[in-house]
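Sequences are here, hints too, so could you generate the full structure?
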Amino acid sequence: MSRNPLRAALTALAALLPVLALGLALTATTPPAAAAATPVRVMPLGDSITGSPGCWRALLWNRLQSTGHTDVDFVGTLGPQGSGVPYDGDNEGHGGYLATNVANQNLLPGWLSATRPDVVLMHFGTNDVWSNIAPATILAAYSKLVDQMRAANPAMTVLVAKIIPMNPASCPECGQRTVALNSLIDGWAAGKTTAASPIVVVDQWTGFSTATDTYDGVHPNAAGDQKMSDRWYPALVAALGRTTPGPTTSPTVSPTPSPTTSPSPTTSPTPTAGGCTATWRVAGQWPGGFQGEVTVRNGGAAPIAGWTVRFPLSAGQRISQAWSADVTQSGTTVTARNASWNGALAPAAQTTFGFLADGAVPSPAPAVTCAAN
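Numbered according to mature numbering (1 follows the signal peptide of the UniProt record, and there is no 0), the sequence shown spans residues -35 to -1, 1 to 338.
No lab work stands behind these hints, which were simulated from the structure alone.
In this text, all values refer to a predicted model and were calculated from it rather than measured experimentally.
Please note that the accuracy of each hint is not assured.
Straight-line alpha carbon distances no greater than 30 Å define the calculated DSSO-like cross-link-like pairs of lysine-lysine that follow [as the list claims (entries may be wrong)]:
#, residue 1, residue 2
1, Lys192, Lys157
2, Lys192, Lys109
3, Lys109, Lys157
Derived Cβ-Cβ restraints for the label pairs, each shown as a range [stated by the list, open to error]:
#, residue 1, residue 2, range
4, Pro268, Ala155, 43 to 53 Å
5, Thr334, Pro199, 41 to 51 Å
6, Val202, Arg302, 35 to 45 Å
7, Thr293, Pro119, 43 to 53 Å
8, Ser305, Ser174, 37 to 47 Å
9, Asp151, Gly296, 42 to 52 Å
Here a beta-carbon is modelled for each residue, glycine too, at the ideal position from N, C-alpha and C.
This is the structure in structure tokens:
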């Protein structure tokens, strides 16, 4: 071999050495792209204080986002019901529901399997207190619900609220009944908590005023929503720090089993004036009465500022209590008008109101009409 070709090869190799060194340096100093974090799935669970519209959830969600806790996914089979700001509104806040009924009818396992939460925020029991159900019975329902949560996720973190005060005009005893329930929650939680699945009590009662923080003695107004959000926030942040997100595999089971006490079918929505639709369903029944729920949806292309729903009841059926709407009855005709906070609905948005009624469950389900104001 002649020397000239060898010299040429060595020269070429020397020229490549700086390039190779640069490549190695870039490889050593450039970190790999970070994998997307699996979000922690948080289920808000309760009644209308949580879901109709439950604007404390919007405040809580946006505070989490603004303080860097962006790896959170609020979950539930129900969607947002107003509040006027963008947020992750999925929840299990079922207006008018009793914790004891949800436990007795085994409704929670279906919701859990559909959404697979890692953390549950539970403010539940207001309607049980209103119905004069004994605190021990309510706590037994809490225990069953927690057992069902742990069956779905053995590492579930459960944040349980001491529920906010009550002082409705129609239930002067409800205030003291709330105190009686809340006084037992700490002891119940201490006996039920485990290292794998901790139960954390969040005191929503202390410092909450029915006079200044509710609009009807039961449901929080804007000031009450802020107080509730402020109480949930530190407890939830602590839970996020110790929670490992579970698998995200989509379940194949039906998300929500039908309550065994609901013999009446759900009505199909019929578009009426302004694109407003309304769907009726029976949420529960007992001897001499039943609980109804109506979902109002804007099925049109333009926002609506308010809505009015009407439906007939049979003779002997009387509305005894309602929430999330102004409900009146004249003879057999029931008229429900939106509350001040849930009348404005964007296209495809919806809200729900509920009521208790005396008498047998209507069969067939009544025809429900809805008109945009």
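Tested hints:
1. Lys192 <-> Lys157: Distance ~27 Å between Lys192 and Lys157 Cα, so the pair holds.
2. Lys192 <-> Lys109: holds (29 Å)
3. Lys109 <-> Lys157: Cα-Cα ~11 Å, so holds.
4. Pro268 <-> Ala155: 43 to 53 Å: Holds: the Cβ-Cβ distance is about 49 Å, inside 43 to 53 Å.
5. Thr334 <-> Pro199: 41 to 51 Å: Holds - the Cβ-Cβ distance for Thr334 and Pro199, about 46 Å, lies within 41 to 51 Å.
6. Val202 <-> Arg302: 35 to 45 Å: Holds: the Cβ-Cβ distance is about 39 Å, inside 35 to 45 Å.
7. Thr293 <-> Pro119: 43 to 53 Å: Given range 43 to 53 Å: holds, Cβ gap about 49 Å.
8. Ser305 <-> Ser174: 37 to 47 Å: At 20 Å between Cβs, range violated.
9. Asp151 <-> Gly296: 42 to 52 Å: holds (49 Å)
The structure does not agree with numbered hint 8 stated previously, though it agrees with all others.
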